[in-house]
Amino acid sequence: MKNIFSVELRRAFDNKKMFTAWLISLGIAFFHYFTCEFPYRIYIRDYLDYPGMFILPHNSFSMWLGFDGASFYLALSYLVIPVLASFPFAGSFLQDKKTGYLKNVLSRATRIQYGVAKYFAVFISAGTIAVTPLLADFLLSSATYPYIGPLPAEGCFGVYETTMFHSLFYSMPYWYVVAFLALNFVFFGALATLSLCVAFSVERLFFVELFPFLVYFILYIALNVFNLVQYCPFFFLRPDQGVECNPVFVLGVTAALLVGSFLFYAFHMKHEDVF
Amino acid sequence: MKRKTACFSHVLLHDIRYSILISWKKYLALFLVTEAIIGALMVRIQSDCQLGMVLPPLTAGDVLTYLLSGAKIFRYGAGIPFEIPYIWIFIYLMIAFIVGENHANLMTSRYMELLLSQEKHRWWASKCIVTVLDVLLAYVTIFAAVGISLFWGIKPVLKISPDIMKALIWKAFTLKPNQWTVIFVLLPILTSVCISLLQTVSILFFKPMICFTGVITLLVVSLFYCNPAVIGNGTLPLRNTILPFEGTIRTLDVALADAVLIVASIIIGNIKIKKVDLLSEV
Amino acid sequence: MKIEMKDYCKTLRGAEVLKHINMTFTSGNVYGLKGQNGCGKTMMMRAICGLILPTSGEVLIDGKVLGKDMSFPESVGVLIENPAFINAYTGFKNLRFLADIQKKITDEEIREAITEVGLDPDDKRSYRKYSLGMKERLGIAAAIMGTPELIILDEPLNGIDESGVEMIKKLIADLKEKSKLVIMSCHDAEDLYSLCNVVVNVSAGKIISTEGEAK
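Listed in order, the protein sequences are those of chains A, B and C.
The C-terminal residue of the first sequence carries number 288 in this note's numbering, and the numbering is unbroken.
The C-terminal residue of the second sequence carries number 291 in this note's numbering, and the numbering is unbroken.
The C-terminal residue of the third sequence carries number 218 in this note's numbering, and the numbering is unbroken.
Since the hints were made in silico from the structure, they are not lab data.
Where is the CB? At the ideal position from N, CA and C, for every residue including glycine.
Be a bit skeptical, because a hint or two may be false.
[Unchecked claim] Residues of chain B clear of chain A, computed beta-carbon distances all greater than 10 Å: (1) W179; (2) I251; (3) G256; (4) I276; (5) I277.
[As the list claims (entries may be wrong)] The list that follows gives simulated cross-link-like pairs (lysine-lysine, DSS-like), each with its CA atoms no further than 25 Å apart: (6) B/K34 / C/K5; (7) C/K5 / C/K22; (8) C/K209 / B/K284; (9) C/K132 / B/K129; (10) C/K5 / B/K283; (11) B/K175 / B/K81; (12) B/K185 / B/K175; (13) C/K107 / A/K110; (14) C/K107 / C/K96; (15) C/K138 / B/K283; (16) C/K67 / B/K283; (17) C/K107 / B/K129; (18) C/K22 / A/K111; (19) A/K30 / B/K216; (20) B/K284 / A/K30; (21) B/K168 / B/K185.
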């Protein structure tokens with residue numbers, strides 16, 4: 014089991030598509046940093062030279078991509094991440110079936126071993142790509158701007174009493190960042206595994222790879238049409254939130270997606286014919 | 010010799026049939042979601058009326074304007090959130106999805122069609138025409154959805170009501186029919202054709218998923234930057250200088266930029282297809 | 004039909020996949036390409052079809068340069084990996100759909116091609132429900148429908164049962180009788196030598212030797 018898992022992980026991470034997805038995700042972080050963060054570092058000096066200034070200085074949280082709802086980078090990230098997350102490896106199960114690689118593997122490992130290894134390789138690779146822009150940007154902004162704990166009175170963060178983890182944010186902001194990175198990792202990782210589920214019935218690679226994005230996008234549209242944006246992953250996964258959301262609902266949906274997709278995939282993997 | 014050179018019309022007809030076969034469900038989804046959006050709009054107008062607003066009955070022009078309006082100019086500033094108009098992004102990403110899936114295996118398993126077409130430039134020309142037809146059919150689907158909604162009590166006139174516009178898009182305005190047609194229909198179609206052809210030609214160079222990501226990026230960046238050089242602005246009629254929303258997009262500028270890019274895409278695609286190796290990897 | 008490969012070289016992603024290929028193919032013969040995996044057999048077939056362009060050298064088909072005077076051979080049927088068929092269509096409907104690009108192949112010819120590969124032209128099952136062997140046979144039927152002058156088959160016997168193999172062998176023999184030019188590859192040496200009158204040994208992108216005589 015350990016062998017096949019390491020083989021699948023290596024296949025997931027050591028390929029050109031993964032490199033391309035990394036490049037684009039890091040590109041989003043770097044472009045955001047160099048256009049929206051780096052130019053404003055000169056103003057830090059002002060706060061040191063004029064200690065009586067009435068406004069709080071820029072800090073690593075206020076300048077972070079995760080809280081920059083005013084530029085297009087955050088919205089772009091949350092539209093592009095589901096595509097990039099599934100691009101490297103989510104279509105690999107379909108490709109394994111088409112090329113006959115699956116038959117080779119199943120003569121050397123059981124279906125369950127292959128299925129579990131594949132599932133977790135897709136989950137981990139997708140989750141890694143999903144957190145890359147936010148994590149990279151946070152490291153860059155932390156390296157440029159000082160740490161100043163966020164204050165509710167600032168009003169420049171979309172985190173209020175009715176949003177998720179608000180007390181965590183104002184008491185332990187780094188843990189808030191970690192919590193959202195973890196949430197994004199798990200949600201987008203689980204979302205990408207939907208490609209594995211749909212690969213049993215669809216043989217078009219483009220559709221299979223894009224399926225997680227389609228689900229995510231359909232939810233975005235439908236929940237906007239019915240004015241239920243607080244239930245939309247596009248909003249509740251963003252650190253700046255901006256909508257009232259219930260953490261129990263969010264965690265429940267994420268867990269349901271993870272467990273549901275795993276069970277569906279495992280069931281079909283066990284019973285499906287392999288040609 | 011039994012097999013003779015294929016006629017261009019046969020190649021084109023084949024590609025059109027293929028496109029419809031692959032994409033009819035997506036057009037249906039576009040139709041149904043558009044109907045849902047129109048339904049939600051009617052509910053909203055009704056509730057506004059119940060709250061005391063005096064609004065005239067909805068017209069087909071109002072509905073189409075609402076669906077195709079996009080967004081006003083975005084002014085970057087602290088505290089002003091950047092929002093993506095969901096109807097606009099839905100329409101253009103559906104088109105990108107249709108075009109993307111139609112051409113996803115152009116460079117891989119569709120080699121038989123290329124061989125039977127005999128000439129590469131003929132095959133490429135057919136693909137470009139089908140891309141244009143995909144965009145046009147998407148718009149026809151939207152118009153058909155509005156047409157069906159006439160049975161729900163929407164007045165079958167293209168005239169837009171200033172009061173409805175004020176309620177929906179925050180500012181009253183009127184337009185002459187020809188102005189409306191140009192900035193709400195013709196220019197967005199031209200821009201959409203441009204974006205779709207760029208997507209098609211980029212599939213010759215990159216993976217279809219990366220091209221789709223490129224389209225998403227282009228659309229989002231267009232929302233942010235109100236500039237005719239950022240071509241997605243052609244799909245945002247509210248930014249046109251004709252309308253009172255402080256937009257700076259001139260019809261002629263966008264049309265010219267689109268035309269140049271369309272021609273460039275076709276030429277680049279033609280050059281690429283003559284030199285490309287079809288390795289038909291899975 | 005006469006196909007000449009003159010000093011054909013192809014480099015892909017820095018690797019030389021075909022090196023100074025010089026070979027002539029003439030109608031009325033069945034040529035078999037023999038070699039290990041990755042030796043360049045499929046690349047040679049792609050080169051002859053015009054699906055890849057040479058780094059140097061050329062392919063001449065009846066005196067015309069492929070890639071310059073013509074994009075593809077005028078009358079060719081190819082099976083190099085399964086082509087993109089429509090999952091919702093039956094086998095017949097799929098071939099009809101492809102054949103409509105040229106509008107020269109009749110329904111009867113399509114039915115004949117499907118029968119020759121051992122499938123039922125009236126089978127109502129969609130392509131989605133085909134087994135691997137059936138998909139392979141349909142790919143062969145797509146290549147031979149309309150009886151083109153040049154037929155290229157890359158490992159046509161893969162995934163096909165014994166009776167199917169016999170059927171395909173008979174089909175290839177018939178094509179040879181009809182003075183068609185068939186170029187194929189196969190892993191089974193016995194099948195290759197029994198079907199082909201010329202066997203070309205390929206290794207590391209080069210033609211090492213040819214066995215047999217062309218008519």
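Comparing the hints with the structure gives:
Even its closest Cβ contact with chain A, about 17 Å, leaves B/W179 beyond 10 Å, as expected for a residue assigned away from the interface. Distance check for B/I251 against chain A: the nearest CB is about 25 Å away, which clears 10 Å, and the non-interface claim stands. For B/G256, the shortest C-beta to C-beta distance to chain A comes to about 18 Å, beyond the 10 Å cut-off, and the non-interface label holds. B/I276, annotated as away from the interface, keeps every beta carbon of chain A farther than 10 Å; the closest lies near 26 Å.
Remark: the non-interface label on B/I277 is consistent with the geometry, its nearest Cβ contact in chain A lying 21 Å away (cut-off 10 Å). Straight-line distance between C-alpha atoms of B/K34 and C/K5 comes to about 47 Å, which puts the hinted pair past the 25 Å bound. Simply put, C/K5 and C/K22 have alpha-carbon atoms about 21 Å apart, close enough for the 25 Å limit, and the pair holds. Taken as a hint, the C/K209 and B/K284 pair is honoured in the structure, with Cα atoms around 23 Å apart against an allowance of 25 Å.
For the hint linking C/K132 to B/K129, the alpha-carbon distance of about 33 Å lies beyond 25 Å, and the restraint is violated. Restraint check for C/K5 and B/K283: satisfied, since their Cα atoms lie roughly 24 Å apart, inside the 25 Å limit. For the hint linking B/K175 to B/K81, the alpha-carbon distance of about 13 Å falls within 25 Å, and the restraint holds. Simply put, B/K185 and B/K175 have alpha-carbon atoms about 17 Å apart, close enough for the 25 Å limit, and the pair holds.
Of the pairs offered as hints, the one joining C/K107 and A/K110 is violated, with about 35 Å between alpha carbons and a cut-off of 25 Å exceeded. Our distance criterion of 25 Å between C-alpha atoms is met by C/K107 and C/K96, whose separation comes to about 16 Å. Taking the CA atoms of C/K138 and B/K283, the gap is near 30 Å; set against the 25 Å cutoff, the hint is violated. With a C-alpha separation of about 17 Å, the suggested pair C/K67 and B/K283 falls inside the 25 Å cut-off, and the hint holds.
Annotation: proposed proximity of C/K107 to B/K129 holds, straight-line Cα distance about 19 Å (limit 25 Å). Restraint check for C/K22 and A/K111: the C-alpha separation of about 30 Å exceeds 25 Å, so the hint is violated. Of the pairs offered as hints, the one joining A/K30 and B/K216 holds, with about 9 Å between alpha carbons and a cut-off of 25 Å not exceeded. Among the hinted pairs, B/K284 with A/K30 is consistent with the structure: their alpha-carbon atoms are about 24 Å apart, no more than 25 Å.
Between B/K168 and B/K185 the alpha-carbon distance is near 8 Å, which keeps this suggested pair within the 25 Å criterion.
Consistency with the previously given hints fails for numbers 6, 9, 13, 15, 18, ordered from lowest to highest.
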